[in-house]
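*Asks:* Listed below, chain by chain, are the residues.
There are 4 protein chains.
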Amino acid sequence: MGMVGGGSDAFIGAIHRLAANMDGQIELACGCFSINPEISVSSGKSYFLPDDRIYRNFEEMFEKEAMLPKDKRIDFVTIVTPNHVHFKPAMMALENNFHVVVDKPMTYTLDEAKKLKAKVSETGLVLALTHTYSGYPIIKEARDLVKKGILGKIRRIYTEYPQGWLSAKEEDKGNPQAEWRTDPKRSGIAGCMGDIGTHAFHLTEYVTGLKATRLCADLNIFVPGRKLDDDGAVFLAFDNGAKGVLMATQIGAGEENAIKIRIYGEKGGMEWSQADANTLWLKWPDRPAEMLRTGGGYLSAVSKHNTRTPAGHPEGYLEAFANIYNNFSLTVRARMEGKEPKPEWLDFPGIDDGVRGLQFIETVVKAGYSDEQKWVDIS
Amino acid sequence: MGMVGGGSDAFIGAIHRLAANMDGQIELACGCFSINPEISVSSGKSYFLPDDRIYRNFEEMFEKEAMLPKDKRIDFVTIVTPNHVHFKPAMMALENNFHVVVDKPMTYTLDEAKKLKAKVSETGLVLALTHTYSGYPIIKEARDLVKKGILGKIRRIYTEYPQGWLSAKEEDKGNPQAEWRTDPKRSGIAGCMGDIGTHAFHLTEYVTGLKATRLCADLNIFVPGRKLDDDGAVFLAFDNGAKGVLMATQIGAGEENAIKIRIYGEKGGMEWSQADANTLWLKWPDRPAEMLRTGGGYLSAVSKHNTRTPAGHPEGYLEAFANIYNNFSLTVRARMEGKEPKPEWLDFPGIDDGVRGLQFIETVVKAGYSDEQKWVDIS
Amino acid sequence: MGMVGGGSDAFIGAIHRLAANMDGQIELACGCFSINPEISVSSGKSYFLPDDRIYRNFEEMFEKEAMLPKDKRIDFVTIVTPNHVHFKPAMMALENNFHVVVDKPMTYTLDEAKKLKAKVSETGLVLALTHTYSGYPIIKEARDLVKKGILGKIRRIYTEYPQGWLSAKEEDKGNPQAEWRTDPKRSGIAGCMGDIGTHAFHLTEYVTGLKATRLCADLNIFVPGRKLDDDGAVFLAFDNGAKGVLMATQIGAGEENAIKIRIYGEKGGMEWSQADANTLWLKWPDRPAEMLRTGGGYLSAVSKHNTRTPAGHPEGYLEAFANIYNNFSLTVRARMEGKEPKPEWLDFPGIDDGVRGLQFIETVVKAGYSDEQKWVDIS
Amino acid sequence: MGMVGGGSDAFIGAIHRLAANMDGQIELACGCFSINPEISVSSGKSYFLPDDRIYRNFEEMFEKEAMLPKDKRIDFVTIVTPNHVHFKPAMMALENNFHVVVDKPMTYTLDEAKKLKAKVSETGLVLALTHTYSGYPIIKEARDLVKKGILGKIRRIYTEYPQGWLSAKEEDKGNPQAEWRTDPKRSGIAGCMGDIGTHAFHLTEYVTGLKATRLCADLNIFVPGRKLDDDGAVFLAFDNGAKGVLMATQIGAGEENAIKIRIYGEKGGMEWSQADANTLWLKWPDRPAEMLRTGGGYLSAVSKHNTRTPAGHPEGYLEAFANIYNNFSLTVRARMEGKEPKPEWLDFPGIDDGVRGLQFIETVVKAGYSDEQKWVDIS
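Protein chains in written order, with this note's numbering: chain A, 1 to 379; chain B, 1 to 379; chain C, 1 to 379; chain D, 1 to 379.
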């Protein structure tokens, strides 16, 4: 694995390394960790990399790595830069025959996302997108149960992601996470909706297997002087006639990362919340609610494949993250060995989810400030 | 207390009697309990009423009661009939100088509500509306804390009321509660939004002290053949610039009566859920969340006035309901004795809340099926 | 109903009146509410009693009431005085042919309890003991399910009742509740174990249907200068071979009334906690845990008989309390009418539970301070 | 890192590797993974080890590794075999100048534990014991807060660890985990108490900073034919006068790994449960309870040092486990570089905790079946 971004001063890069390390299948072999070359070098050293695998920029990295012998060069690259620096390294990686892991949202614009999709199709390479929440083992169970029809036809979905960390103007206080996320030049046209709305949107489509076709949105900028939405609510209409509400906010003072989904079908309901990440609720009109737990012997094979410990030992965010890396690496290895990946290995967010995310962003921003058009098609 | 409706076959009438009995301050003295005279008589007898105080209809009841000597006749009447039979008995009660308790929504139409308001103003009589949820002691604490400004300026509100009991077509299975609530002739122009959306709307305005000025709505009829909305979601805009999402559904399969409210201000957040009715959460950006509990020594006087047991002995729905009756009866007694009621006695939903409820219903129905107009003024 | 104790300055008397009022089947008709005659009279007046039914002491009350015509005199008396004044009024009530409700523990000594039992047997009158917690509807479901064998043979029981209100020396701060409960002259030989240990012990035997035969105890007085135990832990051995741990404390700083029971059998486990009083957990080795909820359509008839509202409207402590009164009054009425009470009406704590409570108290005190004898028989 | 045990058929070995991998600071370099050489070799290969670093037994491993040049040989060994094979490899590792990580309980007997302690003292090498639960970041906060005195003098402690996985006779069904844990020859004199009672005991002493001096115990074998305790309850007396109850069971049907601790002092209470592993409750007599959360900005430095993600991203069991490895490896590296480890690096269970665990085991077994002696000294 090579890394673009993720210097020792960055948040999400460390998460990626923890997740990639966990299963002992992936080794950080090179990287350019910062636009500041000093930080890049010191970071690389602290990750135990030899000097000649610490690069000054990603262009150099791809060039030099591509020339290394096959058993020495990296198999894939992980891109953990701000949104505006996703497309170029991803495209260059694909052009140089490297597989790609990229943080969400996949690109800065929908147009870039479509170009990346074309390149992935053309090359046959694998791209993984780190929508972490669909990596939780019990979320995979949820998806499996919906697919099996235990809830009947889905009617009503509530997805929410309240955060509170941008309640005050953190971007003026030297918080680099807040800075780039609230800056249209680096974040894109959406703030809250791009950063966490896309997570909620992905989780919704992932678990239900439905596609949202239209939306009606109310986006807000609550903190004075901020340039991008820090809050929003969305009505969703799905291809099967179901309706959804998606709520995301970064000014929910006192909230952590409380992503949650509730799904109601003709036969029953389902609930999951990251605050209790190893529990899946099934609710029934005429019998007691059931509490399914990560690691339970009664769970499906796909859920077990994504579980590392027996029931009752909490699996956390890093394990969910590591599931994306693990399935991606199993898939890449199979492809490299000319084998067909098992279906459960292919279960990680990818290029199509990336395009969906940008479609959501562009539609929700279009709809969210309009006082005129109520429903806008997602496309 | 006299009663209109509430025969031994009805649901909400029994709740009203339990709530009215609880504090030993109110006595059921007469009633017409059903349009079926046999049920009315047998019901009255089972409530230990003498034959001459069991009436055939409310017209007779008001006429005869009004002629009884002051120390024998009732002071107020409770109306627990379906929505289309709220206005006439309420109006006639006021005309005969009786105070009124009426179930929500207050009337069948906004026009009726306004007429009732005019009559209440004219007579100076007291009308209580049984929006139970604002009767919980910890909800009174919540309102008090918001008023004191501990959350700062309110920005974002989520109110939800998911139920599942109408997931199937119960109105065809002989369930009388389902029958009238899904029947436009008895329920009015709204189904779910009238039945429980109004509760959520009232709770929102009660706790925050804000007024919603505009809304954008998506109403749905999910169960085939049903004539009124059984689900809906609403964006709300408030007079101080805050935004809200109000979600109410009766097809949330497996849900009970999970009304919940979350409020976020500039300084902190707040959460309450009926499933944990004695707990109020305060959430802070920079210090641990706090869990306030009914009966806690640190609570305000208004909360304690509405609490019957020490902390840790759960107060339930009936106690919340009884708080409306208790405060109403304290107010009525004070008025009858020519005294000024204490401020905490006046803290029960009344005529203005009734008008608000009908304004909400008429606006949300107007907005909820429209694909054109996004935001509609509430007035 | 007549009342001994329960003046307007007392805590538990008010609870008894609320519970007795609730269902509209019981009327407070007379009482002697305090050893202070002024408080007794003012209390009686505030309860709307006529002057001639407010008595100076219980001896006078029983004498005079016994001479009233049958349709005017009370049917039963409620005794809500401190423990040392339970036996005499209870005995005198029985001697005067009145049924009895008495607060727990039933008497000051085991000897008194046995005498009361002999008198109840002799007279055929009904005595109810207000161990509130077995009045919760879902606790009745729990008992029913254990009886049906869904857990298999019971092996392990944990019952706990942590409170924190006596963490400091409240008895020196003018708190009358604390004063008499920590005073051996009024409370008896046990403090915490008599006050709340008996509740935990009753709940354990009630739900499991087992009898504890031996115990090993560790009683403590943590607050300096206190004369009775304010904390204790007990191992229990049951007649079927099961083992229990019973923990009760009043110095659990910050705890409210967190009574909780967990039962494990060969086939599954069960859990209930007053903090979530309407929920019963069933836990299974090989399938998801189930959450049963008060009012659920799938519950047994006995549970429904003790439920007043539909699922999702929380029933609280007062409703549990009222269930004792309601079942007691249904039983008394049946007996007075020469009818056989229905089995579910007889489901309230009575004279045998009262004797058990005193057996527990005397045994746990004997065992609790001994460093020598480990296990002591309960008899 | 070298590994003794932990073949691809074992449970806890995989956990150790996941935990050791996580932070990218530790590399598995050699091992003898099974007494079955085939499994050892195939396991080693699957962990990407070269053939010459996969050994047939630990004797060979220590001999050969000790002869490797310093920059190639391992720094420490991890022992993840059943209890009866802890002492010999640990001792041999120390004798060959390797640091040691060993699973709990540290040894088969107290005598072995003491010998190991002597050797550690003699060599100055570092030994870590994987009592995972004290590795949770919020548990470190708990310890820190107790040390700071926020609860005042500790009075009452409840620690529990209910599991249900041995409710049936799993050891007869081919479950290797159950087999050795219920076999006195491999597990030692205790079953449940050795396996999970020691975890509860360690957690209790770790968080409170107290030492238990005496205990009274009730050990049980509920599953017929089993040879070691599968359940037990213990009263503890601490050096400051506090009392504890420690409950551990493996026949709590339906329970997962529900370790939980509650501590009450003169000023307040504290609660933590693995089922909600990122939450620490502080409870107060006179103000709202507070919920502290892993990653909260208000937490202490020691807690933050052991945290990998921002608040709201659940940290799980593996992260707690990895904290032991991380602190151990930071300490070992410092020692190898002749530097003084930072105090927070030294915060992992070690040789003294191992001796304590065996003291607990030997005392609790002595006390647990006796009907005569009530309290037994721990020494």
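Be aware that a few hints might be false.
The list makes no distinction among identical chains, and a pair is therefore deemed to hold if it is satisfied within one copy or across any two copies.
No more than 30 Å apart at the CA atoms, straight line, and that leaves these computed lysine-lysine pairs for DSS-like [to be verified]:
1. K185 / K304
2. K227 / K153
3. K211 / K119
4. K70 / K117
5. K169 / K148
6. K339 / K185
7. K70 / K45
Worth flagging that the hints you see were computed from the coordinates, not collected in a lab.
Bear in mind the structure is a predicted one, so any value in this text is a computation, not a measurement.
*Asks:* A separate judgement is required for each hint: does it hold in the structure or not?
*Replies:* Taking the hints in turn, this is what the structure says about them:
1. For a Cα distance limit of 30 Å, the shortest separation of K185 from K304 qualifies neither inside one copy, at 42 Å, nor across copies, at 32 Å.
2. Proximity of K227 to K153 under the C-alpha cut-off of 30 Å is restricted to the inter-copy arrangement: shortest distance 20 Å between copies versus 40 Å within a copy.
3. Taking CA atoms no more than 30 Å apart as the test, K211 paired with K119 passes inside one copy only; the shortest distance there is 24 Å, against 52 Å between copies.
4. With identical chains, the CA atoms of K70 and K117 are at most 30 Å apart within one copy only, with a shortest distance of 26 Å there and 50 Å across copies.
5. Only between protomers do K169 and K148 lie at most 30 Å apart by alpha-carbon distance; the minimum there is 24 Å, versus 46 Å within a single protomer.
6. For the homomeric pair K339 and K185, neither the shortest alpha-carbon distance inside one copy (42 Å) nor that between copies (46 Å) is at most 30 Å.
7. Taking the closest pair of Cα atoms, K70 and K45 come within 30 Å of each other both inside a single copy (23 Å) and across two copies (21 Å).
Violated hints, in rising order: 1 and 6; the structure is consistent with all others.
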